[in-house]
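Let the hints inform the model, and build the full structure from the sequences given.
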Amino acid sequence: MQLPQFLKPKNELEAGGRQSVPVHRDENEMTKQCPNCRRAIPLSLLWSQANTCPCGYHFRMNARQRINFLTDEGSFLEFDRELVGTDPLDFPGYGEKLETTRNSSGEIEAVLCGTARIQGQPCCLFVMDPYFMMGSMGWAVGEKITRLFEYAIRERLPVVGCTVSGGARMQEGLVSLMQMAKTSAAVQRHSEAGLFYLVVLTDPTTGGVMASFAMDGDVILAEPGATIGFAGARVIEQTVRKKLPQGFQKAEFLLEHGFVDAVVPRKEQRETISMLLKFHEGGDAL
Amino acid sequence: MSMTSYERVKAARSGDRPTGLDYIHGMFTDFLELHGDRRFADDRAVVGGIARLNGRPVTVIAIEKGHTVRDRMARNFGMPHPEGYRKALRLMQQAEKFHRPVVCLVDTSGAYCGIGAEERGQGQAIAENLTAMSGLKTPILSILIGEGGSGGALALAVADRVWMLENAVYSVISPEGCASILWKDANRAEEAAHCLKLTAKDALSMGIVEQVISETDLGTPVFFETLSHRVCCELERLSEETTERLLSKRYQRFRTIGQM
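Just so you know, the protein sequences line up as chains W and S, in that order.
If you're matching positions, the first sequence starts at 1 in the working numbering and goes up one per residue.
If you're matching positions, the second sequence starts at 1001 in the working numbering and goes up one per residue.
Just so you know, the hints here were simulated from the structure itself, not pulled from any lab data.
Every residue gets a Cβ at the ideal spot worked out from N, C-alpha and C, and that includes glycine.
Do not rely on the hints blindly, as some may be mistaken.
[Said to hold, decoys possible] Chain S regions said to be covered by chain W (calculated; three or more residues, Cβ under 8 Å): (1) 1050 to 1057; (2) 1117 to 1126; (3) 1129 to 1140; (4) 1188 to 1199.
Given below as structure tokens:
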């Protein structure tokens, strides 16, 4: 079996898993071991539970799966799907790396943007993809997010963003660093316009993305157990030569230190997001 | 003249270079340092205050590495904590209130990677500077005088004009970090430095900085006087713009970088 086909969703359940349909247990079904409870979880069970283990552990989700899970059926209208950047530094191996990633993930870039409805509430939505170069931000990612905020300003829409990122895409050098400034400026304008921006931090959100639009939300939610931080844990350990405290840089750690508003399990997210969107309806009328 | 990228990295890191405070004392008069972020502490890696530039009050903020061993340690080798960025933001907002232009002098290997820094929201502090600076209603000019280490440098460089010293470097990641991630070998930093295109000339050609400052006579009174004059003229030009135009041009400046 070819790798790209293997990774693409095979059925509706895998692609989204909105309803928990009773699933036939197949003796030979593939399983995934949960790093938390160590049990082998049948894939069908995992998919029907939005990639969460019965023990509460949240597995990562690709962007498409997350959009299918979060939004009302058929409501997602994707923007700029074909938008790609260049290789501004002519960085060795970057072109090939992009190509293999595109083949294996079926996506063109590390973020998907568009408009959608979440339990009926209209919004602009961006969802980053951990399986596309770990959601790293190069020119195209920055550009898609900036365009989305600019569209949201014109149409007076709230923005919901699910972040996952290793940070800036180093193969694009300074151009990727500048995306932090560009996206922040767009967020600032959206905020100036009195519009609502909601962030859902998912595992992992780090580096240049964490230090820009991921931390700019009017409300910032996080998924349980997600790693969220500026510097990588290994780098910090090497710098301070100390063992890091238990739960360091986890969502709950950020909650305790006052940097996220709430830790919300995946299965409650649709409800919470739509409630927040409803609270901010009619900010428009001002 | 034709130094390799990595030679420039070493030059930018050299302890012999003038540091932020040397620039402040060389270019400005009547500098009065203002301390603290009003939230947690005073970060000595960031020095800020009010000074005069050719008689006109300006807010100046510099990342300071220090010269002596003791001083360098006290200043955490120029690696700011969140409170350093928050102090800078406080001073910038003060400048906005009193219509003073802001001059930032950037020289850091990066924002500090430590437990306390994470606990107090290093990423959030940087993020807040980026948004606030993009909307700050007063002219901002940033000069990269040595190392421009990633987000920790950008947090003082969302400006109307960004200039760079001839041997300064500006990069999304250190060459050592890049080499160890990419090739699992920090010893290939020299190669990584070349690939990252982190020199002033590279940054100029990508439209990331507007001017490259020659290092002839670096650190001498003549050098500072010339630079001071250039900054003064530029701030005057920027002050002529209406706030709306200033902000719209600042937005476009970052909006168009890397555009095809």
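Hints, verified against the model:
1. 1050 to 1057: violated (count 0)
2. 1117 to 1126: Holds: 9 residues of the stretch 1117 to 1126 of chain S have a Cβ under 8 Å from chain W.
3. 1129 to 1140: Per the Cβ count (5), the hint holds.
4. 1188 to 1199: holds (count 4)
This entry does not satisfy hint 1, going by the numbered hints stated previously; all others are met.
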